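Participant: Sequence:
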Amino acid sequence: MNKILLIIQREYITRVRKKSFIVMIFVVPLLILIMGGVIALVAKNSQQLTTLQVINVVDNSGIYAKKLKDKPNIKFIESQLDINKAKAISKDDENILTLFIPTDYVKDGGVQIFSKKKSAMQVTDEIERQMNEITLNNNMVLNHIDTAVIHSLKKTDISVKAVEITATGDKDANIGPNIAITIACAILIYISLLIYGGQVMRGVIEEKTSRIIEVIISSVKPFQLMLGKIIGVGLVGLTQFAAWIILSIISTKIAGHAFNSPASPMAGALATLQTIPFGYILGCFLFYFLTGYLLYSAMFAAVGSAVDSETETQQFMFPITLPLLFTYFLSVSVLFRAPDSTLAVWLSIIPFTAPIAMMVRLPFDPPGWQLALSMFMMIAGFLFTTYVAARIYRVGILMYGKKASFKELAKWFFYKE
Numbered sequence: 001m002n003k004i005l006l007i008i009q010r011e012y013i014t015r016v017r018k019k020s021f022i023v024m025i026f027v028v029p030l031l032i033l034i035m036g037g038v039i040a041l042v043a044k045n046s047q048q049l050t051t052l053q054v055i056n057v058v059d060n061s062g063i064y065a066k067k068l069k070d071k072p073n074i075k076f077i078e079s080q081l082d083i084n085k086a087k088a089i090s091k092d093d094e095n096i097l098t099l100f101i102p103t104d105y106v107k108d109g110g111v112q113i114f115s116k117k118k119s120a121m122q123v124t125d126e127i128e129r130q131m132n133e134i135t136l137n138n139n140m141v142l143n144h145i146d147t148a149v150i151h152s153l154k155k156t157d158i159s160v161k162a163v164e165i166t167a168t169g170d171k172d173a174n175i176g177p178n179i180a181i182t183i184a185c186a187i188l189i190y191i192s193l194l195i196y197g198g199q200v201m202r203g204v205i206e207e208k209t210s211r212i213i214e215v216i217i218s219s220v221k222p223f224q225l226m227l228g229k230i231i232g233v234g235l236v237g238l239t240q241f242a243a244w245i246i247l248s249i250i251s252t253k254i255a256g257h258a259f260n261s262p263a264s265p266m267a268g269a270l271a272t273l274q275t276i277p278f279g280y281i282l283g284c285f286l287f288y289f290l291t292g293y294l295l296y297s298a299m300f301a302a303v304g305s306a307v308d309s310e311t312e313t314q315q316f317m318f319p320i321t322l323p324l325l326f327t328y329f330l331s332v333s334v335l336f337r338a339p340d341s342t343l344a345v346w347l348s349i350i351p352f353t354a355p356i357a358m359m360v361r362l363p364f365d366p367p368g369w370q371l372a373l374s375m376f377m378m379i380a381g382f383l384f385t386t387y388v389a390a391r392i393y394r395v396g397i398l399m400y401g402k403k404a405s406f407k408e409l410a411k412w413f414f415y416k417e
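With UniProt numbering, letter number 178 in the sequence shown gets 178, and the count goes up by one each step, no holes.
Careful: at least some of the hints might be erroneous.
Distance ranges between label pairs, derived from CB positions [unchecked claim]:
hint, residue 1, residue 2, range
1, LEU282, LEU373, 18 to 28 Å
2, SER248, ILE113, 41 to 51 Å
3, SER248, PHE376, 25 to 35 Å
4, PHE376, ASN132, 50 to 60 Å
5, ILE195, ILE34, 38 to 48 Å
6, ARG202, ILE113, 13 to 23 Å
7, ILE350, VAL28, 49 to 59 Å
8, LEU373, PHE329, 57 to 67 Å
9, LYS85, LEU325, 42 to 52 Å
10, SER333, GLN370, 13 to 23 Å
11, ARG211, ALA184, 34 to 44 Å
Just so you know, these hints were derived from the structure itself, not from any lab.
All figures in this text were calculated on a predicted structure; none of them were measured in a lab.
Note that CB positions come from ideal geometry on N, CA and C, so glycine has one too.
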């Protein structure tokens with residue numbers, strides 16, 4: 001046990017003393033803050049940043065050209081040219097587009113927009129919206145329906161607020177902010193598992209190629225060395241997260257005092273953040289990061305012991321990281337839309353996919369038994385993968401010059417002590 005503690009201490013201290021580690025503790029939260037501010041600023045001023053698009057409307061139907069309304073970045077001009085001459089103008093100037101509305105515009109692909117380069121979606125969406133509205137108004141007039149009355153009825157906007165029924169009473173569900181935070185946590189887990197697992201793998205490769213490993217294992221068992229490296233690097237990751245969390249809390253407190261006024265535009269956002277169960281989310285995040293890291297880093301260590309250089313790891317890395325990649329793409333596109341589906345439940349229980357899938361499901365309060373089963377499976381999963389990786393590691397760490405394969409790794413697993 002003392003030997004494992006010494007290895008953990010060495011791995012931890014050598015990494016936290018690096019200038020890059022100290023710099024990243026302060027730089028990452030600052031970069032996230034700056035990036036958030038830039039995104040908000042760009043989104044706010046997106047209309048001003050968009051280039052003015054002039055659209056020559058060649059309307060053979062005679063219905064739409066005079067009724068299309070200009071927008072801040074879109075200007076409609078009724079053209080008297082034929083379609084070929086109008087297209088020639090668009091071919092020479094990328095900011096002049098040609099909208100062609102033939103007589104038989106109802107047929108599929110009848111309305112076309114021509115431009116020198118691919119037109120922005122906001123342009124085509126705006127044209128479609130206005131043309132559909134004009135068509136609706138014309139049809140209502142043809143059927144002697146008062147369009148003014150219809151439009152006055154449309155002015156009513158109904159907003160649906162999600163409210164959660166709890167033992168202590170009703171409360172705002174805050175689905176949107178909860179989803180945003182848990183998806184951010186899932187992405188952070190995905191990135192962290194790759195970063196810190198990669199550090200374990202590179203550390204093993206460096207010690208193996210420099211032959212230092214031959215000296216080290218004369219004093220400690222291969223399993224002790226592997227476990228010490230995994231835990232040491234994992235503690236480095238937890239230290240970084242702890243520092244980022246503390247800095248985030250301090251920043252939130254400062255922002256809370258700065259925007260304490262109810263009239264402040266940030267007051268509502270801060271009030272919403274205060275209703276999010278950060279303790280519950282943070283506890284689950286730390287658990288799934290730690291168990292997910294132990295599970296994947298053991299496999300990364302086994303891969304590092306099986307190769308002689310980092311370039312040889314590619315054949316093993318993709319199969320290992322595929323479950324994470326698969327779940328990541330599903331999480332940001334499917335799982336948060338159907339959090340209680342059979343697919344979501346199974347992905348949140350299987351150890352290789354649970355760290356990401358369960359984090360995405362947290363805002364929707366998965367049943368307690370599913371969360372407990374998921375956590376149990378994570379613990380069982382990393383114990384099993386650590387056992388398998390250790391048997392491969394003990395053989396591979398002393399293998400040089402031999403091209404490893406999955407078949408070879410299987411043989412190493414069954415070698416006797």
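Participant: State for each hint whether it applies.
Facilitator: Hint check:
A hinted range of 18 to 28 Å holds for the C-beta pair LEU282 and LEU373, which are about 21 Å apart. Between SER248 and ILE113 the beta carbon distance is about 46 Å. The supplied range of 41 to 51 Å therefore holds. Separated by about 30 Å at the C-beta atoms, SER248 and PHE376 satisfy the suggested range of 25 to 35 Å. At roughly 54 Å, the beta carbons of PHE376 and ASN132 sit within the given window of 50 to 60 Å.
Checking the proposed 38 to 48 Å range against ILE195 and ILE34 shows it is violated: the Cβ atoms sit about 21 Å from each other. At about 51 Å, the beta-carbon gap between ARG202 and ILE113 misses the expected band of 13 to 23 Å. At roughly 30 Å, the beta carbons of ILE350 and VAL28 sit outside the given window of 49 to 59 Å. The beta-carbon spacing between LEU373 and PHE329, approximately 24 Å, falls outside the hinted interval of 57 to 67 Å.
Under the hint 42 to 52 Å, the C-beta atoms of LYS85 and LEU325, about 51 Å apart, fit the expected range. Restraint check, SER333 to GLN370: a C-beta distance of roughly 22 Å satisfies the suggested window 13 to 23 Å. In this structure the supplied range 34 to 44 Å holds for ARG211 paired with ALA184, their Cβ-Cβ distance being about 43 Å.
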